[in-house]
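Chemist: Read off the chains here:
Number of protein chains: 2
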Amino acid sequence: MATLRDLYSDEKTKGLDTNFGVDYVINYKIPQEDRASAEASFVQLIEALTHVGLTTEVRRGDKSSVLVFIKIADKFLADQVYRSRLQDWLQGARTNTADKDLSQALRDEPVSDAERLRLVYLLMVKPKNEGGAGITPESGKWKHVASIFPLHNHSFNRQWIKRVSTKGQTDENDLDEIRDKFGESVAFYFAFMQTYFKFLVVPAAAGFGAWMFLGQFSWLYALVSCLWSVIFFEFWKQREVDLAVQWGVRGVSNIQHPRPQFEFERQAEDPVTGEPVKIYSPIKRLQTQLLQIPFAAACIVVLGTLIVTCNSLEIFINEVYNGPFQSYLAFLPTVILVVMTPTFSTVLTKFATRLTEMENYETIDAHHAALVQKEFVLNFLTSYMALFFTTFVYLPFGDHLTPYLDFWRTTAQKITPKDVNFQTQEFSINPERISKQMFYFTVTAQVVNFATEVIVPYVKRQVFQEVREVQSKMSKEDSAAKIKDQPEEAAFLERVRNEAELETYDVTGDYREMVIQFGYLSLFSVAWPLTACCFLVNNWVEMRSDAVKIAISSRRPIPWRADSIGPWLNALGFLSWLGSITSASIVFLCRSAGKGDGPRGTPGSIQAWGLLLSILLSEHFYFGAQFVVRLVMKKLDSPGLQREKKERFMMKKRLLEENLGQGVSDQAATPGIEKTEMITMQALEDEARRISTQGHGGAEEAFWLRQRGMAETIQIGRNLISQVSRCIL
Amino acid sequence: MATLRDLYSDEKTKGLDTNFGVDYVINYKIPQEDRASAEASFVQLIEALTHVGLTTEVRRGDKSSVLVFIKIADKFLADQVYRSRLQDWLQGARTNTADKDLSQALRDEPVSDAERLRLVYLLMVKPKNEGGAGITPESGKWKHVASIFPLHNHSFNRQWIKRVSTKGQTDENDLDEIRDKFGESVAFYFAFMQTYFKFLVVPAAAGFGAWMFLGQFSWLYALVSCLWSVIFFEFWKQREVDLAVQWGVRGVSNIQHPRPQFEFERQAEDPVTGEPVKIYSPIKRLQTQLLQIPFAAACIVVLGTLIVTCNSLEIFINEVYNGPFQSYLAFLPTVILVVMTPTFSTVLTKFATRLTEMENYETIDAHHAALVQKEFVLNFLTSYMALFFTTFVYLPFGDHLTPYLDFWRTTAQKITPKDVNFQTQEFSINPERISKQMFYFTVTAQVVNFATEVIVPYVKRQVFQEVREVQSKMSKEDSAAKIKDQPEEAAFLERVRNEAELETYDVTGDYREMVIQFGYLSLFSVAWPLTACCFLVNNWVEMRSDAVKIAISSRRPIPWRADSIGPWLNALGFLSWLGSITSASIVFLCRSAGKGDGPRGTPGSIQAWGLLLSILLSEHFYFGAQFVVRLVMKKLDSPGLQREKKERFMMKKRLLEENLGQGVSDQAATPGIEKTEMITMQALEDEARRISTQGHGGAEEAFWLRQRGMAETIQIGRNLISQVSRCIL
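Line by line, the protein sequences give chains A and B.
When the count follows UniProt numbering, it moves up by one through the first sequence with no breaks and lands on 729 for the last residue.
When the count follows UniProt numbering, it moves up by one through the second sequence with no breaks and lands on 729 for the last residue.
These are calculated hints, taken from the structure and not from any lab test.
All of these numbers come straight from a predicted model, not from anything done at the bench.
Hints are not guaranteed to be accurate.
Because identical chains share one entry, a pair is satisfied inside a single copy or across any pair of copies.
[Claimed, not checked] With a straight-line Cα cutoff of 25 Å, these simulated SDA-like cross-link-like pairs (lysine to any residue) come out: (1) K635 with V241; (2) K635 with A366; (3) K653 with I415; (4) K634 with E234; (5) K29 with N379; (6) K278 with R648; (7) K646 with I279; (8) K167 with E269; (9) K237 with N254; (10) K167 with I279; (11) K646 with A93; (12) K645 with V241; (13) K645 with I279; (14) K162 with L290.
Same shape as in the complex, but just chain A (with noise of 0.2 Å):
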């Protein structure tokens, strides 16, 4: 195994400098009670991968697994790569089409590892009827495949972790070799973290500011946030459209990947490739897709009674509550908030889960973006919904909610002792409450967040591992004799029996992160304006964490082609537009609520019209302003769409050329041509003679006639022009 002192000595770490020429390993475990049928089972995962091209070798694995390594023969790579091009091109994916010569081609364009790990990988899972080996991890016949992963190129890695952590900032080239190595859905991520992290700089300067000058509820750090919120969206649908464009994938997420557990009802002609395609009734799926409201309704209730619940409980405590034990007694909601979320969100996560499956995708990535929809949803819940209880619940009004703390006053009572002294204060609105959850937020929840992803997983394993080396010195004495390693690939083996035992890395998670966290900064942040300067902090520890989660605590992820960051764009566009109407009512419930003319606290100051206007005018802004970018992001043309049409149009030009020969292509490429104008000459007078030896003598024929040529229509002209204004005299 990799770890970070692996990573930081220079001196080559046994096992760890070649992977020899492991494309991927299969993890094949072998269940105790099921031993025949897995023996089958692996003849069978042996032969299909031979007969689609892929070598293969076997080793022991840990103490119930076997490990089958896996590589591509060079000759039928070739052709994978020059047919997979070709595809990409027919299906538009590809401005060029690839060279006739297979060999040019890929002098051309050389192979990265990402493109041959992507065409090797979609060769064994592929369903066999379009060539693959239709191997489907832990489902069906293949249930005994734990996993297939390819190996780590620990050398790179070890390289990038020491650019990303001496480096101030990843660059074109960081980026375009995270795409070469972990294909361009990793690549996707790091290029919006770039992207996010440099924007950040602008809030947390505006944060600053307006934290040193202007308090909180500022409005004018609102229109600033708002501002931003619009050109940093806008700016990255350009940046996004410019990368695929480099990397060459615009337009690979109309090449969908079917997804293996779609249920047909029956099959059809594609409309396009006139292929056959499997059809699922779309009224089905939008039956079973209405079930979502039920189903957000749901998240709702359970996540929103429990928040409210802990939330007025804490309320209580804090504010009303002054008996005894109160110091403890205030984390008693934050401990029940702590373990009841995750508990819940388990549960309805399995639901989303569930019902994404019954709504039966035909894709992929249509099932990943329906599913992490619906995680948004949760997520959104989980990490909003204390906030907007305290923004338009407690704020605004406040003092309606004396009653219902009634009800834990009169708890409190019931469960106290008679002979304790009990006691409360009077309640009354505190607006500092919400900059209080924000700081909670921003600062507490990212440090734990960090440690648990990446310090927690990096004990475990530690702590996993040595128990693994005892346990396997313990078990040497038996049966180390009978399955011994080859000294020479020995530590080869042991690194990749750990690497097998990693997590599997999945970037949408890290999406997840930055999405929920740009919409703390978007809808909330006028409430806590140094936000943004908190963030700033913690991405920067956070991009160079994600890295060493990639190359050290995760095994080495497909990598997947990708022209955009998928569903989390449209999730990024609801939250910067939900910015624009909490930011304003934000800033007018607090403000009024902080001032006004009614005593601190009291909501009488609270005008529904002034929240309703404030709402008005700041999402008008918002269209406003996102109209205005969208004009200017429109005129500046971006780079990438450009070169692409330039690519487009030297194809095409390039294609007439082979076709027609190249003067009718620069004939047809320039607008118009000069001509001589002698042949034009000639050509008139041959028609004209043409006619007039043909002639039927029809009136047109006459008509076209009686003036043969250039000379004779000027002499007769002239005539009519002295005739005509002699008449008019």
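Following the hints, put chain B in place on chain A, whose structure we already have.
Modeler: For chain B alone, kept in the frame of chain A given last:
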């Protein structure tokens, strides 16, 4: 001239049955005082036309002009068509490249009238360096060229008018025919009319229902109307794309015709084609564009003052003033409005034209769009301002108007002789006012408009023609002997002379009328739900009168291409959005003005928060509906886009076949291929043998040679599996 009588009579009228093969006619004016220069310029004209391959004939025009008849030589036409189609393909406006063989290409896709006329026109007006004759009517060197126009195809026109007047609806075939004769630009107008007319049935029915059962100011009708406008807008956007694909013009808006008046600062290389392009600093243009803001302000002030003055005067006369001549004076504000509005509009339109010229656009389309935008502001103000005044000033703040009405009272008293009995009555707000205004705009104004648009020009033309005939009879006596038409051409030439006198048809005016009409429906129809019914009747007539206008009252338009209704689409979207706001306001203001707790008409009952909430809800209903409709539209996949994708795919596949042969193309087109397993196995074994014979003894090679071939891997794997399971036991 073709009159309505000609069109309806079956007997062929003299001069209407043939165009003598004429493509274009140039009406060349010979001013009395400038005969010599006109003559010199005439010679240049004929030379220029001949040099680009056009045959010319000259004939006498009216008393101060000659007519130049133009025909393209067939050989050149084929050449032009082929080159233009290739260029379309290069620019991405065609999916199929033309056949290599020129005559085959023309047979595959015959040249329509519109294509022929468009190419001939371009040949005449394109600059010399782009292969055209560079003729710019009425400017510079060509100031004597009064007009260039194609001749009507009267037999088609006769059939067309007959068809539209007997059939209930225009169908796809009609649209295709319009497109073949008058070009896509006109065809899109009729397609828009057709779709709009069909859609109008829904609000007409809803409006009639609302009028019967719900009365005015129904929020239910407002919702239906809002939803309808969203669906109509989104549907039309898709229909536009479908039609563009069907007519093979999708993307032609990217092929821009340069504006001859454009002044450039420097030349640069086109980023796509690499050709030199002329550049004008966008910063400078932006500075000029910013002048639009004071221009719009000036429009609002000038037209606003006029409309507000006349409206308040009208309110005073109708609702306060009770003195003598009241019934006559009631017409005074209308008279002022009718006289002054066109005057002011004309002046402001001149400003708009000047401003657009100063903005110095590169292309005709950009110039046109900018001009349309400015004119739309003017039209918007003149059409809707009176209704906005009623909705947002008169209804909510009517009682605050009293002091301003006092101004009129004082004025009236001043100019009234003292002995006349002068009476006023108490002022009270009348919510019916808005409905009365709506009735005026939807019924009276449309009837007046029809009269001025169709009947007046027709009568005027008939009178002028009589006058001219009398004049020419008189003048014949002295000059008839000198210039006499050939008898077989006389009728034809007479007809051409008449066509030269006609107006130019500009589709912009017709679009404007429809868009403004859509505005009444979307913005204010809730005040008078029968609006859509009136428009339904009006548009039934309008569609026919527009056809008559093109066929009889106008010169045949140059058949330009278009792939959408251009700048009007944005105007429609804007009006549809604004409608969600105004409808909500009208419903809220008029309902609360109607009932309320105060006396009828007292706006005390109007709550600011209620109004804001109505607007907020209605606008979000609009956005929500738009979101859902777009989602559904996207799912449905437009047939046009699908067809385009298919064409593109097939074209690429054909190219692959031509270049690489059938087999490769098939392989690439299908997602994968089935391999013969034996070949694969053979190759793998070859590879293994190669390694074993070449083997350098490296660890990597040793690793892959432990198990040679599938059989060995399976064998060793089985051993491992049994060992592993024994270990566990």
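Chemist: If a hint holds in the structure, say so; if it does not, say that too.
Modeler: Going down the list of hints, with the structure as the test:
1. K635 with V241: For K635 and V241, both the intra-copy (15 Å) and inter-copy (23 Å) Cα distances are at most 25 Å.
2. K635 with A366: between (32 Å within a copy, 13 Å between copies)
3. K653 with I415: neither (85 Å within a copy, 79 Å between copies)
4. K634 with E234: For K634 and E234, both the intra-copy (10 Å) and inter-copy (22 Å) Cα distances are at most 25 Å.
5. K29 with N379: neither (35 Å within a copy, 76 Å between copies)
6. K278 with R648: This pair counts as between: shortest inter-copy Cα distance 22 Å, intra-copy 32 Å.
7. K646 with I279: Between. Shortest inter-copy distance 19 Å satisfies the 25 Å Cα cut-off; intra-copy 37 Å does not.
8. K167 with E269: For K167 and E269, the Cα distance exceeds 25 Å both inside one copy (53 Å) and across copies (38 Å).
9. K237 with N254: Answer is both: 17 Å inside a copy and 22 Å across each meet the 25 Å cutoff.
10. K167 with I279: neither (51 Å within a copy, 41 Å between copies)
11. K646 with A93: Both: 15 Å inside a copy, 15 Å across copies.
12. K645 with V241: For K645 and V241, both the intra-copy (13 Å) and inter-copy (21 Å) Cα distances are at most 25 Å.
13. K645 with I279: between (34 Å within a copy, 19 Å between copies)
14. K162 with L290: Neither, since 49 Å and 51 Å both go past 25 Å.
In summary, the structure is inconsistent with hints 3, 5, 8, 10 and 14 from the numbered list given earlier, while agreeing with the others.
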